[in-house]
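Undergrad: Chains as they are written, first to last, in the working numbering: chain A, 1 to 258; chain B, 1 to 258.
FYI, nobody ran anything at the bench for these hints, they're computed from the structure. Honestly, I wouldn't trust all of these hints.
Restraint ranges, calculated between C-beta atoms of paired labels, are given here [unchecked claim]: (1) A:249 x B:83: 30 to 38 angstroms; (2) A:20 x B:21: 50 to 58 angstroms; (3) A:36 x B:97: 55 to 63 angstroms; (4) A:194 x B:183: 51 to 59 angstroms.
Covered stretches of chain A (chain B as the covering partner; in silico rule of three or more C-beta atoms under 8 angstroms from a C-beta of chain B) [stated by the list, open to error]: (5) 113 to 122; (6) 125 to 135; (7) 145 to 154; (8) 165 to 179.
Over 12 angstroms on every C-beta distance to chain A, these chain B residues come out as not near it, computed from the model [as the list claims (entries may be wrong)]: (9) 21; (10) 22; (11) 27; (12) 31; (13) 151; (14) 154; (15) 192.
In this text, a Cβ means the ideal position worked out from N, Cα and C, and glycines have one as well.
Protein chains: 2
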Amino acid sequence: MSVSVKAVLIDLAGVLHTGDDALPGAVQALERLRASGLPLRFLTNTTRTPSTVLFAKLGRMGFKLQPAEIQTAALAARTLVHQRGLRPLWLVHPDIATEMGHSDPNPDVVVLGDMGHFTTYEALNRAFRLLMQGVPLLAMARNRYFQDPDGLSLDMGAFVTGLEYSAGVRAEITGKPARAFFQAALAELGVAASETVLIGDDLSADIGGAQAAGIQGWLVRTGKYRPGDEQHPEIKPDAIFDDFAAAVHCLLEAKTTG
Amino acid sequence: MSVSVKAVLIDLAGVLHTGDDALPGAVQALERLRASGLPLRFLTNTTRTPSTVLFAKLGRMGFKLQPAEIQTAALAARTLVHQRGLRPLWLVHPDIATEMGHSDPNPDVVVLGDMGHFTTYEALNRAFRLLMQGVPLLAMARNRYFQDPDGLSLDMGAFVTGLEYSAGVRAEITGKPARAFFQAALAELGVAASETVLIGDDLSADIGGAQAAGIQGWLVRTGKYRPGDEQHPEIKPDAIFDDFAAAVHCLLEAKTTG
């Protein structure tokens with residue numbers, strides 16, 4: 001493997017940790033990567049947790065990073081709503097409601113996050129009725145599932161897809177695999193896509209999304225990874241590693257010997 | 001129009017009534033249709049109401065029919081589960097839970113109905129986890145939306161589609177537009193598909209389903225009908241009427257003059 005890597009994008013859940021537990025060797029691997037001087041960004045589609053809480057949680061697990069290094073699908077949605085001057089209806093988990101801000105009583109955009117256990121028929125039907133009136137749908141992510149401590153769990157992609165089907169519309173995604181989400185990270189880091197690697201456990205949102213933006217997609221066999229992922233008909237990871245530590249090891253090897 | 005009609009299949013919600021109110025002229029039209037002697041079956045995908053309650057409700061509105069004439073997607077699911085000797089997990093509205101029976105603690109099939117306001121993330125995630133283990137998904141319907149008294153509302157098709165997306169599976173539908181559902185009605189009536197007409201307001205489940213089973217599909221402009229329905233790229237109704245009364249009028253005209 002010969003790569004010229006100038007920056008690394010890292011998915012959080014399933015790569016560095018599962019739930020409240022760091023994955024084996026991940027804390028040390030991040031420290032080695034830091035020592036290499038490569039600029040990093042942490043890209044997450046998790047929209048059940050505000051970025052401040054996410055930052056504190058990662059710190060408690062031993063990961064050393066800065067709040068500004070974390071890029072979330074929820075903050076990307078908030079930025080987009082502000083940039084476009086829209087009046088949002090936020091359908092999000094109560095934990096991130098404050099971070100998102102107030103819903104407008106007369107919304108001109110529906111913004112869907114992962115409401116998780118707070119998902120209700122009433123909220124989805126309110127969204128549906130607005131979509132049927134022509135109000136556009138902004139969704140923070142389209143992930144099929146995520147790794148919970150006790151197994152894979154249903155992610156918000158189910159609700160995005162369901163609303164799209166019933167209302168006959170197509171959502172705009174603000175997090176991964178949206179090209180704009182990756183491009184925002186590249187712009188902040190001042191690097192080209194071709195010089196950047198993403199390490200993730202989600203074949204579609206991480207690997208497929210990164211590759212579509214011209215970024216190398218490295219898959220790890222942790223988190224939501226499942227054996228069948230290697231046989232996907234369309235998405236072929238540029239590299240596959242047992243875990244984050246193995247990916248970092250090869251990255252630094254390649255960097256010094258390449 | 002020249003038709004040789006030997007039996008009529010009639011959708012309920014949006015054709016005969018909306019909520020608790022009979023649609024204008026529908027009670028009288030059904031009486032005229034009865035007087036013609038044509039055998040009838042009432043086919044509904046509504047799975048929030050047990051058939052006994054549905055029957056009582058229709059009676060209160062003035063419609064004259066027999067319980068055995070009502071064929072519901074929920075009862076079709078129950079029949080199918082029994083015929084195949086399956087151990088079901090019933091994810092249904094509490095109002096039809098008794099009619100469906102007990103869920104098995106170790107299910108080998110997930111049966112999804114319209115849970116409506118009782119939809120929870122927990123229930124959907126339980127279904128998702130079973131689907132990921134290879135347990136098949138039986139869904140009573142795939143309707144996109146239905147006509148509520150105060151507007152169109154999100155129907156269970158959103159949750160079927162969402163689960164299919166996240167679990168990477170395909171549901172088997174027991175109600176309309178499943179061919180078996182229409183064929184069960186034809187078999188009971190002892191008529192051929194080519195001699196039968198279905199009157200419905202749902203372009204996909206009613207008209208598309210009926211036509212795929214070889215039955216004429218007559219669309220009414222009530223209930224969930226929307227002007228764009230006439231321009232659907234694939235589904236072309238055999239006839240379109242302002243309402244059930246107009247459809248019955250033409251049916252009886254055609255029958256006497258044809």
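Undergrad: Hint by hint, note whether the structure agrees.
TA: Hint by hint, here is what the structure shows:
no.: 1; hint: A:249 x B:83: 30 to 38 angstroms; result: violated, 56 angstroms
no.: 2; hint: A:20 x B:21: 50 to 58 angstroms; result: holds, 53 angstroms
no.: 3; hint: A:36 x B:97: 55 to 63 angstroms; result: holds, 59 angstroms
no.: 4; hint: A:194 x B:183: 51 to 59 angstroms; result: holds, 58 angstroms
no.: 5; hint: 113 to 122; result: holds (count 8)
no.: 6; hint: 125 to 135; result: holds (count 4)
no.: 7; hint: 145 to 154; result: holds (count 5)
no.: 8; hint: 165 to 179; result: holds (count 4)
no.: 9; hint: 21; result: holds, 20 angstroms
no.: 10; hint: 22; result: holds, 25 angstroms
no.: 11; hint: 27; result: holds, 30 angstroms
no.: 12; hint: 31; result: holds, 35 angstroms
no.: 13; hint: 151; result: violated, 6 angstroms
no.: 14; hint: 154; result: violated, 4 angstroms
no.: 15; hint: 192; result: holds, 33 angstroms
Checked against the numbered hints above, the structure violates hints 1, 13 and 14; every other hint is satisfied.
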